[in-house]
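S.K.: As a plain string of letters, each chain reads:
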Amino acid sequence: MKLDLDVMTLLPAVLAASLLCGMPASTQPATTAPDNAAFDANQLFATMCGLCHSDGGRAAGKGPQLMDSSRNDDFLRSRIKDGKAGAMPAYGSTFSDAQIDAFITYIRSLKPREG
Amino acid sequence: MKKQWWYVALPVAVAVGATLAASATLAQPVDTARIEAAGQNDWLTYHGSYKSYHYSPLSQINTGNVGNLSVAWIHIPGRSTRGLQSMPLVADGVLYYTGSYSRVFALNGATGEVIWSYFPELDEALIARQTHSPYNRGAALGEGKVFVGTMDGRLFALDMKTGKVMWDTKLIDSQKLTVGFTGAPLYAKGTVIIGAQGGEWPGRGPIFGVDAATGKKKWEFLTVAGTEEAMKTWGGDSWRTGGGGGWMPGTYDSETNTVWWGTANPAPLYDWSGSDYKTQGARPGDNLHTTSVIGLDIDTGKLKFYHQELPHDAWDFDSSVGEFVMLERDGEKLVVHPNKSGYIFVYDRSARVKNVWRITENSNFVKNIDPKTGELIGRRDFTAGKVDEPLCPHISGGVSFNSGSYNPKTGLYYKLGQEWCMTLTVVKTTPVTVPQAQLNLGADFKIAPPPGGEIYGHLDARDPVTGAKKWEVRFPEPPLASVLSTAGNLVFVPDSRGVIHAYDAETGTELWKHNNGTGHQGGIVSYAVGGKQYIAVTAGFGGMASDDYAPTFGGVYKSMPRDDGALIVFSLK
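Listed in order, the protein sequences are those of chains A and B. So for the first sequence, the working numbering puts the first residue at 1; every next one is plus one. So for the second sequence, the working numbering puts the first residue at 1001; every next one is plus one.
Because the hints were derived from the structure by calculation, they are not lab data. Ideal Cβ placement from N, Cα and C applies to all residues, glycine included. Some hints could be false.
[Said to hold, decoys possible] Simulated restraints on C-beta separations:
| hint | chain 1 | residue 1 | chain 2 | residue 2 | range |
| --- | --- | --- | --- | --- | --- |
| 1 | B | 1361 | A | 42 | 31 to 41 Å |
| 2 | B | 1370 | A | 113 | 32 to 42 Å |
| 3 | B | 1329 | A | 111 | 36 to 46 Å |
| 4 | B | 1227 | A | 71 | 22 to 32 Å |
| 5 | B | 1170 | A | 43 | 27 to 37 Å |
| 6 | B | 1388 | A | 109 | 18 to 28 Å |
[As the list claims (entries may be wrong)] In silico contact screen, one side only, chain A against chain B (beta carbon under 7 Å); selected entries:
| hint | residue |
| --- | --- |
| 7 | 54 |
| 8 | 109 |
| 9 | 112 |
Between the sequences and the hints, there should be enough to build the whole structure, so can you do that?
M.R.: And the structure:
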């Protein structure tokens, strides 16, 4: 399925699904209605987050290093949802709680790159 | 909005006020002809005038007395989240400037006293969801108004004398597109031109022409697939999320009735097409008119000519940055424009390439750019996965979004170069457009020093057409602010540590410096009131390039605020 711009107005019913489909480029296959299990936090991190969280969150950049973060899950959840003025956008209206948890799982899984 | 009516009502009570009031009464309105004339006491557009020199013909402050330069007054705009990045404007002794959240101030240029201020009500919930926000980079003047864009997609006009809102026009749906306006508008011939943010954002980067009198939209040019020819350069539906944008102001060529504007990179920033970028990857094709210099008819917004500086830009080295220096060489009228990559393009007045030269030492995204044709030679197009050799320059560019300066007295172009690189791993991504558009990067990356060396920045004094270098001054961290040169044979460089330097324009010898207490990443101008010359500079660090400084360089940047700023104005003691 390919989405056209009109789809963007049909939300929020297909919101979670569209987060992954969005507006696919021609050579990228669109994903139909992915559930939270299909939520690819690794890919989304490289889509949206890597500008500030360097090397996929492995190093400090504009934003802090996330790998081995001493912050607890509640703090990370709150920061992703509510953001921090002038530093971190608020994603609470973009992602569901389950999707934010998927980001936290991604952060906790970060390891130094090999080689 | 606050007003100080005493200034208008009682000009005889204060000598300076009387001088200003008299000059305001006698002054010509700010219009196309006056901007074209570029009077020495004023600074009427973001780039100074349509010539885009960032040069002041004032010489009261000069190489012989610059050592006596000291602070005349300071203004604190407040709420300077991510620093202060704007370029002040000056007309008839009044200084106009903007701060974060599109705060607008009109100040007595001699004393700093507030004449009026205006703090627009913004959609703060939307701004909290933005990444490239909430800084504002400047205003435009024309027809008795001050024009400013907002992060929530509006362009408004204020009465120059009172700060009263004359009109406020919503131009883009920032709730859907997330982005708004951070760049300064341009006024010319009854039209206000402003471009949206959008390089890494999945939109189509419109540039707007708005009626200066009424605020009504006159035209809109889509930088992504805005013409039939351009549509053919985007494979499949990739044009729908192509990025583009024209987030910094261009200039106006009255001889051809043309607006010159630079456009941003396409999205995603980093493609995984490999060398078959014409048919493979996220956005197959050249991706017109991203990373291009375009010429638009100011009355209709129709495309008259263009040059795509980087076809299928796969490195985020867009063309929105910098100045459009309009000069003549051997009877030929030329335009000099820096690309974010650090390559400097020299065009004729129809954007035909006349020369290309490079300001950076460390650059490997291409082997070269043909100086005769502008064709990219030996380009690096990545596939998904780890990129072996670091990419140079870093995503923050070989030059920053701020401007260099051309001094017609010395014939030299003073421009900052940035030497840094990045490691990256390209990742296939899918654009996110709901419920709001999100960044589309296409990679994980990290800043890195150049091979075999350290990160640094440099001020170059070069021939603007040939690129021949006369002198260079190095800085341990790249300065990010704009540069000013003057007829006093001076070049001013506000650096990232917070020190403003004055150099001899002929030799590069440092003649004066002053610590403003926080990093610079905005504008610097010179003007005169009552026969006295002033230098005005914005200080205040934070934003997409400067936020990398604390983890990269440590030192003074560790404690440097990213939510503070000041306008600091100097004059001779």
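S.K.: For every hint, state whether the structure bears it out.
M.R.: Evaluation of the provided hints:
1. B:1361 x A:42: 31 to 41 Å: Roughly 35 Å apart at Cβ, these two residues keep to the hinted range, so it holds.
2. B:1370 x A:113: 32 to 42 Å: 36 Å, holds
3. B:1329 x A:111: 36 to 46 Å: Between residue 1329 (chain B) and residue 111 (chain A), where Cβ atoms are some 56 Å apart, the hint is violated.
4. B:1227 x A:71: 22 to 32 Å: 49 Å, violated
5. B:1170 x A:43: 27 to 37 Å: Holds, since residue 1170 (chain B) and residue 43 (chain A) (Cβ atoms, about 34 Å apart) stay within the stated range.
6. B:1388 x A:109: 18 to 28 Å: 25 Å, holds
7. 54: Because about 4 Å separates residue 54 (chain A) from the closest Cβ in chain B, which is inside the 7 Å limit, the hint holds.
8. 109: Hint violated; residue 109 (chain A) Cβ to chain B Cβ min 14 Å, cut 7 Å.
9. 112: 12 Å, violated
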